[in-house]
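Given chain A's structure and the hints, the job is docking chain B onto it.
Heads up: the sequence lines are chains A and B, in that order. Read in the working numbering, the first sequence has 205 at position 205, and its numbers run on one by one without any break. Read in the working numbering, the second sequence has 70 at position 70, and its numbers run on one by one without any break.
These are calculated hints, taken from the structure and not from any lab test. Take these hints with a grain of salt, some might be off.
Claimed, not checked - Calculated from the model, a selection of chain B residues having no Cβ within reach of chain A, i.e. all distances over 10 angstroms:
1. ARG13
2. LEU25
3. ILE36
4. ASP156
5. TRP176
6. PHE225
To be verified - Computed footprint of chain A on chain B; a stretch qualifies when at least three of its residues, placed anywhere within it, have a C-beta under 8 angstroms from a C-beta of chain A:
7. 161-174
8. 237-248
9. 284-293
Unchecked claim - Here are a few chain B residues that sit away from chain A, every Cβ distance over 12 angstroms (derived from the structure):
10. PRO10
11. VAL32
12. TYR57
13. MET58
14. ARG65
15. ILE85
16. ARG108
17. ASN112
18. ASN113
19. ILE215
20. PRO218
21. GLY251
22. VAL259
23. ASN270
24. VAL271
25. VAL280
Please read these numbers as outputs of a predicted model, since none were measured by experiment. Think of the CB as a built atom: it goes at the ideal place given N, C-alpha and C, for glycine as much as any other residue.
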Amino acid sequence: MYEKAKDLCEAFQARGIGRRDLMRRLAALGITAGIADMLVNATATRALAADFDWKAYKGTSLKLLLNKHPYADSMIADLEAFKTLTGMDVTYDIFPEDVYFDKVTAALSSHSTEYDAFMTGAYQTWQYGPAGWLVDMNEFLQDKSKVAPNYDWEDILPNLRASDSWSGKPGDALGGPGAKQWALPWGFEVYMLTYNKPVFDKLKLTPPKNMQELMTTAATITQSGGNGMYGVGLRGSRSWATIHPGFLSGYANFGGRDFTVADGKLKSAVNSKESKEFTAQFVQMVQDSGPKNWATYTWYEVGADLGAGTSGMIYDADSLGYFTATGDTKMKGQLGFAPIAPNPEMSHPTSNVWIWSLAMSNFSKRKDATWLFMQWATGTDHLLFGAREHDMIDPVRSSIWKDSEFQAHMEQKVPGFLETYQVTSPDAKIYFTPQPLFFNVTTDWAAALQRMVAKQIPVSEGLDALAAATDRQMSDAGLG
Amino acid sequence: MSEIPVTPPPLPRRPILPRALPYLLSLPALLVCIGILIPFVTAVWYSLERYNLSMPYMRSFIWFRNYISLFTDPDFWNTIQVSLIYTISTVVLELLLGLGIALLLRERSRLNNIISIALLMPLMTAPAIAALMWKLMTNPGFGVLSWLISLVGVTDFKWASSPHTAMFTVVLVDIWVYTPFMMILLLAGLRSLPQQPFEAAKLDGVNAGFVFLRITLPMLTPFLFTAVLFRTLDSIQQFDIIYAMTQGGPGNSLLVFQVRAYLEFFSYTNVGRSAAILMVLWAITYVLSQVFVRQWMKLRERAHGAS
Numbered sequence: 001m002y003e004k005a006k007d008l009c010e011a012f013q014a015r016g017i018g019r020r021d022l023m024r025r026l027a028a029l030g031i032t033a034g035i036a037d038m039l040v041n042a043t044a045t046r047a048l049a050a051d052f053d054w055k056a057y058k059g060t061s062l063k064l065l066l067n068k069h070p071y072a073d074s075m076i077a078d079l080e081a082f083k084t085l086t087g088m089d090v091t092y093d094i095f096p097e098d099v100y101f102d103k104v105t106a107a108l109s110s111h112s113t114e115y116d117a118f119m120t121g122a123y124q125t126w127q128y129g130p131a132g133w134l135v136d137m138n139e140f141l142q143d144k145s146k147v148a149p150n151y152d153w154e155d156i157l158p159n160l161r162a163s164d165s166w167s168g169k170p171g172d173a174l175g176g177p178g179a180k181q182w183a184l185p186w187g188f189e190v191y192m193l194t195y196n197k198p199v200f201d202k203l204k205l206t207p208p209k210n211m212q213e214l215m216t217t218a219a220t221i222t223q224s225g226g227n228g229m230y231g232v233g234l235r236g237s238r239s240w241a242t243i244h245p246g247f248l249s250g251y252a253n254f255g256g257r258d259f260t261v262a263d264g265k266l267k268s269a270v271n272s273k274e275s276k277e278f279t280a281q282f283v284q285m286v287q288d289s290g291p292k293n294w295a296t297y298t299w300y301e302v303g304a305d306l307g308a309g310t311s312g313m314i315y316d317a318d319s320l321g322y323f324t325a326t327g328d329t330k331m332k333g334q335l336g337f338a339p340i341a342p343n344p345e346m347s348h349p350t351s352n353v354w355i356w357s358l359a360m361s362n363f364s365k366r367k368d369a370t371w372l373f374m375q376w377a378t379g380t381d382h383l384l385f386g387a388r389e390h391d392m393i394d395p396v397r398s399s400i401w402k403d404s405e406f407q408a409h410m411e412q413k414v415p416g417f418l419e420t421y422q423v424t425s426p427d428a429k430i431y432f433t434p435q436p437l438f439f440n441v442t443t444d445w446a447a448a449l450q451r452m453v454a455k456q457i458p459v460s461e462g463l464d465a466l467a468a469a470t471d472r473q474m475s476d477a478g479l480g
Numbered sequence: 001m002s003e004i005p006v007t008p009p010p011l012p013r014r015p016i017l018p019r020a021l022p023y024l025l026s027l028p029a030l031l032v033c034i035g036i037l038i039p040f041v042t043a044v045w046y047s048l049e050r051y052n053l054s055m056p057y058m059r060s061f062i063w064f065r066n067y068i069s070l071f072t073d074p075d076f077w078n079t080i081q082v083s084l085i086y087t088i089s090t091v092v093l094e095l096l097l098g099l100g101i102a103l104l105l106r107e108r109s110r111l112n113n114i115i116s117i118a119l120l121m122p123l124m125t126a127p128a129i130a131a132l133m134w135k136l137m138t139n140p141g142f143g144v145l146s147w148l149i150s151l152v153g154v155t156d157f158k159w160a161s162s163p164h165t166a167m168f169t170v171v172l173v174d175i176w177v178y179t180p181f182m183m184i185l186l187l188a189g190l191r192s193l194p195q196q197p198f199e200a201a202k203l204d205g206v207n208a209g210f211v212f213l214r215i216t217l218p219m220l221t222p223f224l225f226t227a228v229l230f231r232t233l234d235s236i237q238q239f240d241i242i243y244a245m246t247q248g249g250p251g252n253s254l255l256v257f258q259v260r261a262y263l264e265f266f267s268y269t270n271v272g273r274s275a276a277i278l279m280v281l282w283a284i285t286y287v288l289s290q291v292f293v294r295q296w297m298k299l300r301e302r303a304h305g306a307s
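Chain A with its partners taken away, still in its complex shape (with noise of 0.2 angstroms):
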């Protein structure tokens, strides 16, 4: 029975049977669930050691800097896996995402040697990176005895692995020539429409295709959703996170860019014709029918509204809408998905992206061996445990996606999510143009955004006054 059992486990590594078909013949083999586990993990830590010595550095303790994340709980829950594989230690300190790239900030800016590697956002590299706080990854992906065989570089999406390299002079492209590889992709988000169904179903609504509908159907569920429901759920704070989600996709499907670049010089764009045509209406649109405290919603005050019925959709993270809609929320079960594309003349949407990647510090007393870790957390196996397992809803590997027991998982969590990902995903990748001073280009944008909101200046107006003070600082910072 335990050769049958064996040879079974090894089908599943070699996906050659799926995870559901596995436990199927090994319950009929009468193994029960967690034995069952126990032989998965056994046979997988198995075939990771047969080609490569992930036993190079056993013995050797790491230290991770991680943000609360349901992508880390995932991986702090495979963290046995990679302890037995490699017979070292990984500790970790965790902090809520309100303080966590603070604190990243604080420990990279000392040259602290505490934490080896760390969780981080693309545009965070671009700060980090050509602060020399980072490894270029690119030294140990290029080093074929460093690479574990199984180790599938190629297999992450082409976007993600270009959206977290960069060459650190400003306005070049993202992935481009002499680009450095300042992180690996782990996990990442695209932007959507989530709805509430009940209320598109009362309303008889159908889910809106581009801007003109989405304003109109907001438009409708204010007025007539009842109990104080407004129609969208945006993020507002004055904080470069607004600009990120819902808004950059529109703003780049509508052709608008927030820089030029000429002669290594960046120009801002936030007052071009298409930047003021898309912020023109997204302004109307959150006074309109957005939150009436919309200038302090950050993520969390919009997944809120979405989860207990207030909003009727929201224009943000598919992530945000799948944990809403798998949560403890008032909405559960209820919530729809939908493309969007807000340029009626473009036929595909434009997402914007957000990728949790993990970085190596350059003051790690212990680079060989974390990358080790790296390896292992951004590797097929691992991720395939946290898309299958847990709540790594995008994974960053195609073969991921292609993989039926994750894809009848997610259709049977969220019905529609896969239908609107793929609609979603091709063109989906960074917007911005990367340069140094993105925080302070965004939350100024921010800033300028909740002012036109509040009326306190006319849209086009205050685009110029944007564009003006951007250029200002990128002169100053000997950039512009």
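Chain B alone, transformed into the frame defined by chain A:
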């Protein structure tokens, strides 16, 4: 007759400890002084540099260009204006409220003692937590305060999310948290005043307004100065309430010194500019504290002269 050479007797040597004692006693103060001065001097130095952590290749000494850039930036003048409005509003309102409550609780009684302790509760709440509580209470959807004002017909009050009412909202939170500080300080002052002038005024049948203006207030002035000094210095450096509620928005309507300096360092990694902002803040607090301390010393001298 031969002379006997006389060697002077050796001077009695004082043990080393008593000689070193004055230096040893001042050593802790010296260490504390160094501990304060090193970061301060470093910050001054940084404020004279073009120093952005994400652009290390551009680091250079630029003398006062960070300051010139700040003072030629209209947004920075807005920061000064907003900080001063916030400080003056909070200190004046808290002083008036704190004094009023202290006068009501002046008589020693069991009830007054219980009330004064209960009123201290907000002061024991971390300001950032208080800000989050108020953020929930002012939520237009489910906030209790929004509901209360809707009962009197105000249905579209946006609290911290409108630039027109944001200052009012954060000042309200500050008052809720810090009025008890004023109250307890002034209450202690009131209860420590000598009773004879009040008893004499009572015998002479002087009215309460006259007693307050001519006896209570002058005698309470040192306490008022102390309370105002502490609150002014604290208020002009406000960070947690404003950041937790609005992050300095909407627009730049609450972009006070500390929030601006925090964003410059932690979000924008611009060490030089952040240090320059903090140096300007330091200069303002230094000048303010000098003015208050001088006034306080004058009052003390007058009080000593009078006695």
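Check your understanding: Since GLY251 (chain B) was said not to touch the interface, does its Cβ keep a gap of more than 12 angstroms from each Cβ of chain A?
Key -> Violated: least Cβ distance 4 angstroms, not greater than 12 angstroms.
Point to revise | Coverage of the segment 237-248 of chain B by chain A, judged on three or more residues with CB within 8 angstroms | key: Holds: 4 residues of the segment 237-248 of chain B have a Cβ under 8 angstroms from chain A.
Practice item. Compute the least Cβ-Cβ separation between ILE215 (chain B) and chain A, then decide whether it is above 12 angstroms. Key: The claim stands: ILE215 (chain B) keeps its Cβ more than 12 angstroms from every Cβ of chain A (closest is about 47 angstroms).
Check your understanding: Regarding the assertion that ASN112 (chain B) does not contact chain A, is the least Cβ-Cβ distance greater than 12 angstroms?
Key -> Label holds. Min Cβ-Cβ 39 angstroms, cutoff 12 angstroms.
Review point. Are there three or more residues in the segment 284-293 of chain B whose C-beta lies within less than 8 angstroms of some C-beta in chain A?
Key: violated (count 0)
Check your understanding: Is the nearest Cβ of chain A still more than 12 angstroms from the Cβ of ARG65 (chain B)?
Key -> violated (9 angstroms)
Check your understanding: Looking at ASN270 (chain B) again, its CB stays over 12 angstroms from all of chain A?
Key -> Per Cβ check, ASN270 (chain B) is inside 12 angstroms of chain A; nearest 8 angstroms; violated.
Practice item. Say whether it holds or is violated: ASP156 (chain B) keeps its Cβ farther than 10 angstroms from all Cβ of chain A. Key: Given that some Cβ of chain A is not farther than 10 angstroms from that of ASP156 (chain B), nearest at about 7 angstroms, it is violated.
Point to revise | 12 angstroms Cβ clearance of MET58 (chain B) from chain A | key: Non-interface label on MET58 (chain B) violated, nearest chain A Cβ at 6 angstroms vs cutoff 12 angstroms.
Exercise for review: Mind verifying the non-interface call on TYR57 (chain B)? Its CB should be farther than 12 angstroms from each CB in chain A.
Suggested key: violated (8 angstroms)
Check your understanding: Does the no-contact call for PRO218 (chain B) survive, Cβ to all of chain A over 12 angstroms?
Key -> holds (45 angstroms)
Exercise for review: Find the nearest Cβ of chain A to the Cβ of ILE85 (chain B) and say whether that gap is larger than 12 angstroms.
Suggested key: holds (17 angstroms)
In this structure, the earlier hints numbered 4, 9, 12, 13, 14, 21, 22, 23, 24 are contradicted, and the remaining ones agree with it.
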